[in-house]
Amino acid sequence: MSDLSELYQQVILDHNKSPRNFRKLEGANRTAEGYNPLCGDQFTVYVKFEDDVIKDISFQGSGCAISKASASLMTASLKGKTEGEAEILFDRVRKMLIGELDTKSNLHELGKLSILSGVCNFPSRVKCASLSWHTFHAALKGEGKLASTE
Amino acid sequence: MTAMESVARTTPQAVIKPFNVWRIREDFPILRQKVHGKPLVYLDNAATAQKPQVVIDTINRYYSTENSNIHRGVHFLSEQATAVYEDARAKVGHFINAPETREIIYVRSTTEGINLVAQSYGRTFIKEGDEIVISAMEHHSNIVPWQILCGQVGATLRVVPINHDGEFWVDEYEKLLSDRTKFVSVAHVSNALGTINPVREIIDMAHRRDIPVMVDGAQAAPHMKVDVQDLDCDFYAFSGHKLFGPTGIGILFGKAEFLEAMPPYQGGGDMISLVTFEKTHYNVLPYKFEAGTPNIAGGIGLGAAIDYLSGIGLEAVAVHEQELMDYATEAISGIKGLRIIGTAKEKASVLSFVLDGVHAHDIGTILDQEGIAIRAGHHCAMPVMQRFGVPATARASFTFYNTQEEVDSLVVAIHKVIELFG
Numbered sequence: 001m002s003d004l005s006e007l008y009q010q011v012i013l014d015h016n017k018s019p020r021n022f023r024k025l026e027g028a029n030r031t032a033e034g035y036n037p038l039c040g041d042q043f044t045v046y047v048k049f050e051d052d053v054i055k056d057i058s059f060q061g062s063g064c065a066i067s068k069a070s071a072s073l074m075t076a077s078l079k080g081k082t083e084g085e086a087e088i089l090f091d092r093v094r095k096m097l098i099g100e101l102d103t104k105s106n107l108h109e110l111g112k113l114s115i116l117s118g119v120c121n122f123p124s125r126v127k128c129a130s131l132s133w134h135t136f137h138a139a140l141k142g143e144g145k146l147a148s149t150e
Numbered sequence: 001m002t003a004m005e006s007v008a009r010t011t012p013q014a015v016i017k018p019f020n021v022w023r024i025r026e027d028f029p030i031l032r033q034k035v036h037g038k039p040l041v042y043l044d045n046a047a048t049a050q051k052p053q054v055v056i057d058t059i060n061r062y063y064s065t066e067n068s069n070i071h072r073g074v075h076f077l078s079e080q081a082t083a084v085y086e087d088a089r090a091k092v093g094h095f096i097n098a099p100e101t102r103e104i105i106y107v108r109s110t111t112e113g114i115n116l117v118a119q120s121y122g123r124t125f126i127k128e129g130d131e132i133v134i135s136a137m138e139h140h141s142n143i144v145p146w147q148i149l150c151g152q153v154g155a156t157l158r159v160v161p162i163n164h165d166g167e168f169w170v171d172e173y174e175k176l177l178s179d180r181t182k183f184v185s186v187a188h189v190s191n192a193l194g195t196i197n198p199v200r201e202i203i204d205m206a207h208r209r210d211i212p213v214m215v216d217g218a219q220a221a222p223h224m225k226v227d228v229q230d231l232d233c234d235f236y237a238f239s240g241h242k243l244f245g246p247t248g249i250g251i252l253f254g255k256a257e258f259l260e261a262m263p264p265y266q267g268g269g270d271m272i273s274l275v276t277f278e279k280t281h282y283n284v285l286p287y288k289f290e291a292g293t294p295n296i297a298g299g300i301g302l303g304a305a306i307d308y309l310s311g312i313g314l315e316a317v318a319v320h321e322q323e324l325m326d327y328a329t330e331a332i333s334g335i336k337g338l339r340i341i342g343t344a345k346e347k348a349s350v351l352s353f354v355l356d357g358v359h360a361h362d363i364g365t366i367l368d369q370e371g372i373a374i375r376a377g378h379h380c381a382m383p384v385m386q387r388f389g390v391p392a393t394a395r396a397s398f399t400f401y402n403t404q405e406e407v408d409s410l411v412v413a414i415h416k417v418i419e420l421f422g
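Residue numbers (this note's numbering), protein chains in the order written: chain A, 1 to 150; chain B, 1 to 422.
In case anyone wonders, no lab produced these hints; they're calculated from the structure.
Heads up, a few of these hints could be off.
To be verified - A few chain B residues that don't get close to chain A, going by computed Cβ distances all over 10 Å:
| no. | residue |
| --- | --- |
| 1 | 73 |
| 2 | 74 |
| 3 | 279 |
To be verified - Calculated pairs, DSSO-like style, for lysine-lysine (alpha carbon to alpha carbon, straight line, at most 30 Å):
| no. | chain 1 | residue 1 | chain 2 | residue 2 |
| --- | --- | --- | --- | --- |
| 4 | A | 48 | A | 141 |
| 5 | A | 112 | B | 416 |
| 6 | B | 416 | A | 17 |
On a predicted model such as this, the values are computed, not experimentally measured, just so you know.
Beta carbons are placed, not taken as given, at the ideal position from N, Cα and C, and that holds for glycine.
Put together the whole structure using the sequences plus the hints.
The structure is reproduced here in structure tokens:
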């Protein structure tokens with residue numbers, strides 16, 4: 001069961017139970033909805049983006065523990081980042097989730113997000129973890145309302 | 001040889017042996033394997049069923065010794081292939097008690113069968129202002145083809161609600177039927193809830209108003225004796241792969257009087273009798289609806305699956321599955337925080353459930369690590385999920401090769417989920 005405990009680490013279970021920034025964000029100027037048609041995960045990501053900085057970010061919706069914890073960790077790590085910094089982090093996380101990033105040498109940049117690195121051993125769960133990130137990206141880019149993992 | 005002639009070739013009476021689940025399991029090579037170091041417990045039969053060795057061997061034999069195109073060659077192999085393919089069609093006809101073999105149309109899947117009827121029958125006979133009635137428990141494949149049709153012809157889709165047990169609401173159905181109703185399409189068995197619908201009553205009520213009825217039999221055909229004459233349904237569709245046969249092959253039964261009146265679904269080879277650039281004459285049933293080289297191996301494999309299933313006996317299958325369902329329902333009902341979704345009195349071997357505070361997808365992953373395969377998600381029935389206010393369910397679905405020991409493994413694994421999510 002080592003794989004399973006790698007996936008469902010305590011931090012993930014904790015973020016699932018008590019997600020951070022789990023609310024509608026008043027004054028958000030960028031929002032997007034994300035949907036994973038495979039399992040029905042559905043999130044809205046709210047971003048308050050001013051002077052090239054993510055002043056605040058939150059999310060709402062429902063999904064599995066992996067998607068919820070990933071969204072929660074994402075909001076915590078993106079607050080205060082510039083668009084450029086957010087893009088770099090988005091790219092790192094995306095690569096980490098599909099196993100194309102050397103997580104160990106990126107620990108500093110990833111911070112707490114590195115606990116999601118176990119997801120790459122569960123191909124069917126990669127979309128769960130990446131949903132909120134794709135949704136955030138769509139919100140930031142203003143690419144319409146609905147982001148999808150498909 | 002025509003489809004009609006092939007009836008005589010069939011020997012429908014299979015020898016039924018006493019039911020022994022352990023002996024039956026030996027027929028399924030895939031069940032011998034381990035997943036993540038644990039014996040495979042396959043409880044995703046409503047998604048697709050496993051194949052007995054005889055089906056695998058039949059397909060292998062076809063490609064090894066019989067492979068050829070059908071209905072066109074004058075050579076030995078083509079005649080061989082045509083004979084076994086048409087023989088399989090006759091077996092299917094007998095299996096669902098169709099009056100005539102020409103009423104059996106080979107399609108890719110239940111989904112394609114429904115699309116065929118929606119596009120061929122629907123676009124010809126359903127007009128603007130007409131209404132099509134389905135139920136709230138339908139699979140997406142019995143919703144979307146009708147929505148597409150409604151968009152094309154200006155008809156309206158009406159939906160029969162289901163009660164809190166997930167049962168078809170007959171009174172509401174009766175209220176929905178009117179002079180505007182021109183078609184009814186319902187599931188025989190719900191894939192998400194397991195509910196067995198009173199299709200005979202549903203069909204009777206529609207027929208009293210001269211409304212044709214299609215039955216989506218994808219979940220029914222593998223579990224119970226289907227008799228299209230007894231039901232008096234006008235169309236009945238099911239899939240080969242849920243019936244222990246190969247993927248990519250399905251069956252549409254249609255009453256000859258309807259099929260004769262319907263235009264072809266697709267154009268191409270085999271569905272014509274004479275082609276000039278001015279006009280094409282269509283082939284007779286069932287070939288009118290079978291354009292292009294079909295899934296020959298699939299049809300033959302399905303024939304082998306039907307022989308296999310008939311050898312076990314659908315009555316014995318139903319008894320074993322009912323015992324298993326009763327055992328499983330009782331076993332998981334006692335788990336704290338677990339709620340069964342779909343508690344119809346008449347229910348097939350589908351057990352959908354949710355756990356407090358744990359998403360179905362997480363249940364699926366944890367069970368997988370125990371070697372247990374279940375389905376987690378909306379089961380292509382999003383309106384059903386909305387009806388019960390859940391985003392998704394975990395679904396264990398049983399068939400005749402499942403055992404009480406496997407149910408025990410499921411219960412132990414669910415307790416592990418609860419422990420992990422504490």
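Cross-check of the supplied hints:
Consistency note on residue 73 (chain B): stated as away from chain A, and its beta-carbon is indeed over 10 Å from all of that chain's, at 43 Å minimum. With a closest Cβ-Cβ approach of about 48 Å to chain A, residue 74 (chain B) is found to remain outside the 10 Å limit, as its non-interface label requires. Taking the minimum C-beta to C-beta distance to chain A, about 44 Å, the non-interface status of residue 279 (chain B) holds against the 10 Å cut. Between the alpha carbons of residue 48 (chain A) and residue 141 (chain A) the distance comes to roughly 13 Å, so the proposed pair stays at or under 30 Å and holds.
In summary, the hint linking residue 112 (chain A) to residue 416 (chain B) is supported, as the alpha carbons are separated by about 26 Å, within the 30 Å threshold. Proximity of residue 416 (chain B) to residue 17 (chain A) is assessed by CA-CA distance (about 17 Å); at most 30 Å being required, the pair is judged to hold.
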